[in-house]
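A.B. asks: Each chain, written out:
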Amino acid sequence: DTEVTQTPKHLVMGMTNKKSLKCEQHMGHRAMYWYKQKAKKPPELMFVYSYEKLSINESVPSRFSPECPNSSLLNLHLHALQPEDSALYLCASSQDVAFYNSPLHFGNGTRLTVT
Amino acid sequence: GIQVEQSPPDLILQEGANSTLRCNFSDSVNNLQWFHQNPWGQLINLFYIPSGTKQNGRLSATTVATERYSLLYISSSQTTDSGVYFCAGWDTGRRALTFGSGTRLQVQP
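As given, the protein sequences belong to chains Z and Y, one line each in that order.
Each residue of the first sequence is one higher than the one before, starting from 1 at the first, in the working numbering.
Each residue of the second sequence is one higher than the one before, starting from 116 at the first, in the working numbering.
Hints were generated in silico from the structure; no laboratory data involved.
Positions of the beta carbon are idealized from the N, C-alpha and C atoms, including for glycine.
Wrong hints could be hidden among the right ones.
Which residues of chain Y face chain Z? A few of them, derived with a C-beta cut under 7 Å, are [claimed, not checked]: (1) 163; (2) 166; (3) 169; (4) 211.
Using 30 Å as the maximum straight-line C-alpha spacing, the simulated DSS-like pairs for lysine-lysine come out as follows [stated by the list, open to error]: (5) Y:169 <-> Z:41; (6) Z:38 <-> Z:22; (7) Z:19 <-> Z:53; (8) Z:18 <-> Z:40; (9) Z:19 <-> Z:38; (10) Z:40 <-> Y:169.
To be clear about the criterion: a stretch of chain Y counts as covered by chain Z if any three or more of its residues have a C-beta under 8 Å from a C-beta of chain Z, and this derived list gives those stretches [to be verified]: (11) 203-210; (12) 213-224.
Turn these sequences into a full structure, and let the hints guide you.
C.D. replies: Here you go:
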């Protein structure tokens, strides 16, 4: 079982909908990440939170809005998405961003379809 | 940022065969990791291996940091080994992991 939990596993939404993806970890990690993965491609970094503060935004469109309510939780709010945003969204955590010698642990992902 | 290249891109094996996957990176990395993504999309961290050799069951990995490459060995492959294997290195400029394009492995019974 993964120690990073993502909900929901699957999500279908229309282009006018607002939805949220949720991620939770209880390993005491202080860095959390959102990745986007298209079919047959590697994961692409979207956002990094370090100690609950946004430290990296990889020029992600504003229709994706991350939130880190506390050190264990990470949300990704979705609004006015496009069909090309359909992908597997992966949450990950590590001990510390500055502590670069720590393994990255992924959740099982949310498979998002935008209709 | 660093560049990470993996080879081969695709690999088909018969069950029981051995294989070696390679990861080359463009600059020195402090944090080289290998992941396995199963057909259901789950990404599992196999090794954190900035240098040296580690073994975990039928899998082992070796990183030669001075020559900028890492190898993943799979012995006595099983159908459950199928999926995509990614290596990733820490990009000190971006302060994040950069993934290679992956090796897609299919193990046939």
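A.B. asks: With a C-beta cutoff of 8 Å, work out whether three or more residues of the segment 203-210 of chain Y approach chain Z closely enough for the coverage to hold.
C.D. replies: Contact hint for the segment 203-210 of chain Y vs chain Z: holds, 5 residues under 8 Å.
A.B. asks: Holds or violated: is there a CB of chain Z closer than 7 Å to the CB of residue 169 of chain Y?
C.D. replies: With a closest approach of 12 Å, the residue 169 of chain Y hint is violated.
A.B. asks: Check whether the Cα positions of residue 18 of chain Z and residue 40 of chain Z lie no farther apart than 30 Å.
C.D. replies: Cα-Cα ~27 Å, so holds.
A.B. asks: Against the 30 Å threshold, does the CA-CA distance of residue 38 of chain Z and residue 22 of chain Z hold or violate the hint?
C.D. replies: Given that 30 Å is the threshold and the Cα spacing comes to 19 Å, the pair holds.
A.B. asks: Once the shortest beta carbon distance from residue 163 of chain Y to chain Z is found, is it less than 7 Å?
C.D. replies: This interface hint holds because 4 Å falls under the 7 Å limit.
A.B. asks: Under 7 Å, Cβ to Cβ, is where residue 211 of chain Y needs to be relative to chain Z, so tell me if that hint holds or is violated.
C.D. replies: Since chain Z brings a Cβ to about 5 Å from residue 211 of chain Y, closer than 7 Å, the hint holds.
A.B. asks: Taking 30 Å as the top limit, are the C-alpha atoms of residue 169 of chain Y and residue 41 of chain Z close enough?
C.D. replies: 27 Å, holds
A.B. asks: Just to be careful, I want the Cα atoms of residue 40 of chain Z and residue 169 of chain Y compared with a cutoff of 30 Å; is the pair within it?
C.D. replies: 28 Å, holds
A.B. asks: Would you check chain Z against the segment 213-224 of chain Y, counting CB to CB pairs closer than 8 Å, and say if three or more residues qualify?
C.D. replies: Since 5 is at least three, the answer is holds.
A.B. asks: Per the CB criterion, is residue 166 of chain Y less than 7 Å away from chain Z?
C.D. replies: 11 Å, violated
A.B. asks: For a C-alpha distance cap of 30 Å, please report whether residue 19 of chain Z and residue 53 of chain Z respect it.
C.D. replies: 22 Å, holds
A.B. asks: Straight-line Cα separation of residue 19 of chain Z and residue 38 of chain Z no greater than 30 Å?
C.D. replies: 19 Å, holds
In summary, the structure is inconsistent with hints 2 and 3 from the numbered list given earlier, while agreeing with the others.
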